[in-house]
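K.L.:
The primary structure of each chain is shown beneath.
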Amino acid sequence: MTSMNSRPADILRLPLEQLALVSMRHLRDDRVFERAAKSTLYLEKWRAADIRIEDIETDEDFDRIPFITSQDLRKAINEDPLEKVLCSDTVVHWFSTTGTTGMPKWIPYGRRDLELYMEIRDRCSSLFPSREGLKGFAVSAVAPFVESALAAFEKIRVMQTRMQVEGLIVSFTEAEKDPVNFALEMKPNFIAAFPGFAARFAEIIEEKAPEIARQKFREDKSLENLAAYLVTRVKKIRPRNLSRYRFGLFGGEPLDPYREVLKRAFGFEPIEMYNLTELIYPAIECHMHDGMHLWMDLCVPEIIPEDELDREIGSDAYTPRAIPLWKAKKGLKGEYVLTSFGEVLPLIRYRTGDLIKVVSTEPCRCGITHPRIKVPRRSDATICLGAVRFPAAELDKKLLAKTVHGEAQRWQLKIEREGYRPKAIIRVEPRGEIRDRELFLQEISDRLRELEILRAGIENKIVVEPVILLEKKISNEGRVVTKAGRVIYEGENGEHN
Amino acid sequence: MNTTKNEPGLEYVSLEDLVEMEKTKLQEVLPRAYKSPFYRDRWRTIGLHPDRVHGLEDLHLLQFVPRNELFEATRRKRSKIVCSPVDAWFAGSSPANPYEWFPFSAKDFLGIAPMLARMGRVIGLRTGDIVLAITDAPPRISSVISYLWTSSEVSIFPRLEFITASLDWYDTLAMTWINFIQRRRPTVLFTSTKNALALADKIHRDFRVQAREILTETRVGIFFGEPLGDDKAKIMEAYTLEPYEVYSPTEHMSFCAECSAHQGIHLWMDTCIPEIIPIDRKDAIPIWETSPGTTGELVITNFAECLPLIRYKTGESISVQGNTPCTCGRTAPRITRLPKPAMGSGSG
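Each protein sequence line maps, in turn, to chains E and X.
Using my numbering, read the first sequence as starting at 1 and increasing by one per residue.
Using my numbering, read the second sequence as starting at 498 and increasing by one per residue.
Quick caveat, the hints were computed from the structure, so don't treat them as lab data.
Do not rely on the hints blindly, as some may be mistaken.
[To be verified] Ranges between beta-carbon positions, derived for each pair:
| hint | chain 1 | residue 1 | chain 2 | residue 2 | range |
| --- | --- | --- | --- | --- | --- |
| 1 | X | K577 | E | V467 | 47 to 55 Å |
| 2 | E | E219 | X | Q524 | 50 to 58 Å |
| 3 | X | K577 | E | E219 | 15 to 23 Å |
| 4 | E | L21 | X | A758 | 53 to 61 Å |
| 5 | X | M518 | E | E452 | 37 to 45 Å |
| 6 | X | P595 | E | L226 | 29 to 37 Å |
| 7 | X | P528 | E | L226 | 23 to 31 Å |
| 8 | X | S576 | E | M118 | 54 to 62 Å |
| 9 | E | M118 | X | K577 | 42 to 50 Å |
| 10 | E | L226 | X | T521 | 35 to 43 Å |
| 11 | E | D55 | X | A758 | 28 to 36 Å |
| 12 | E | L226 | X | G552 | 25 to 33 Å |
| 13 | E | D290 | X | Q524 | 20 to 28 Å |
[To be verified] Covered, in the sense of this in silico footprint (three residues per stretch, anywhere, with C-beta under 8 Å from a C-beta of chain X), are these stretches of chain E:
| hint | stretch |
| --- | --- |
| 14 | 159-168 |
| 15 | 181-187 |
| 16 | 237-251 |
| 17 | 256-270 |
| 18 | 419-425 |
All values derive from a computational prediction rather than experimental measurement.
Even for Gly, the Cβ is constructed at its ideal location relative to N, Cα and C.
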């Protein structure tokens, strides 16, 4: 567990090499290896790799430490005696991942971890003009997801620092109910949300504006209300027309596909942030909007380059190599690996499953020296349709199931965008004869709809209805995600990343 | 909420001293409340200025505030009726209205944490307790309570561990948080009466067992929201725990709690001036002046900064249990909440 030894301004601008030293020094000062070595999460793996903590001194020694994966973490938390997994009995809160990659993971945080979160939240906040006097709302997930806690912590911290910000938290499950109307009537000037939700929210305003204006005019036949109603009949009403938004913070999925839509709708420059349930301290854009600063003093970040990931797919026995993030070249894409200093459960060389892109390790024009990244999607076999995510294996179950009309043997998913919405084009290759093409495709489509999160995404207009095509032979283009399935993310190397 | 101090000693101050404390706080809160058009307009219609209220004996000069009028005002007039800047809005609910919005200043909101600490102390939570907090989705205030509980210095002891979860995501996608609960074995269940029953139903549906077979180590249940009343029997059928009832509606987050003597809910007199309108009367009597067994509607005047409640008719049907010190030694009057409240529970 770390605390910042340097003054906030200093730590933001330390040369990268010194930041790397700070990061490595925390490993020693916080006795991270000593604490972790007692956990069953590491015990066997380290023993098998002949890792002795007293021998870990150099970068090369660090490089020998085996990775742990989300499966390792999940297995330890779900199967081992918890008192043997945790490195301390000072857990204050448990947070869970959604389980979109399979089973959810439960992550413990101690008091000092949470105090550090508040410090880093202050750091992020300091990058922007004061929010004093703002009013608005945050759209949050519900417990046990970490977003629920972070929305509460934000509210608590703002109050503790005596900054006056009027706000409310709305659950995304109540997005079209009274809470959002209440928030809108507040004439909000900030919003914090998933970008996909905010974009949809802007559409809802556009759709509902004429009806609301008409209702207001019926209730009060003033000239002002009449004028407002008439305006809605000739002009597209956007959130920016109703309220002067000044600040928008977005996380939970990549912002880039939504950035222009949100700019037009709200009239602000959106700010992107990124955190994981496993490491809640947010990486965040500064006002240069050129990648999110990943705070080097809070973890030891590494990246497994994509070509290493591809080699791993080709050979189960291959162990990919990771590069310290501060040594990575601009534009490099790969899996984010982190080592954290957590009080209750430090994560050592943890493969996050998130694909990151190194925007730059050079000092930012804002003066901050911490590396900048983007997070286009997951690097593992999770299908990412914006905030709608599910394991690729679920597609195997749905697309390859035997039907009375025939059966598919391979599939290829291409993820495009229709406007800002993700759109899945699914090609399936038949195994043998398909007796009725239309009925076969209909049955597959119905099965796909059984994926609850996908169905919810479609119904809430967060994603577009998938298109399913039957092709005699599908190409080998795309990343292998299951034995029968491949995925292509359109614009993978384009502006969306 | 609305307390200025939270020393354990306050729980044992004599009733006379608590009444004296209320007198002082009343003199502070009325000029503040007068800043709100909600109160100013009401009081002006009867030609009353707060200066004329010299003490608790003059409280009757102020009109009652019906619950529906309060929430109609917060919904329609919002920040225009508050006495200090609003930092947060949360919504309670009632059978008549699913979203009853209420404003909080930072002082009001952060002041909830010491009340949670007091509740924990009164109930006897101890270091090492693992709390399963089942909360509702935002904008319900319960969604932030477990995080607020641990955010303050006052909550360092006893050291508690929280697993916070919502029934909305009990079994959605791969999320089946009850599996983790089985592993972590919480010792305390902190939730609304409604959610406790819903959880028991879900467990019965999924596992074909009573909740006690899953929550094997849960020794304490803390129930807020709806009155425990008749549901207590159902809860005791499903769980093996000692139930503690808490009264803490969104608009008065004081976490008034039963102690281990279970002789009624302690109404924290340092957070409010409680009165009761007996069922056979139209006027209200200070609760500390009533006889045990008096039944009627609870009326509260509190000392909130943003929107104080002044003679607020809670819609809560209560019975006074006693005004003499409890066997636990605490002096706050004790009440029982009665089922079928007049206007709903204001659960948050």
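K.L.:
Of the numbered hints stated earlier in the document, which are not met by this structure?
P.N.:
Violated hints: 2, 5, 7, 8, 9, 10, 11, 12, 13, 16, 17 and 18; rest satisfied.
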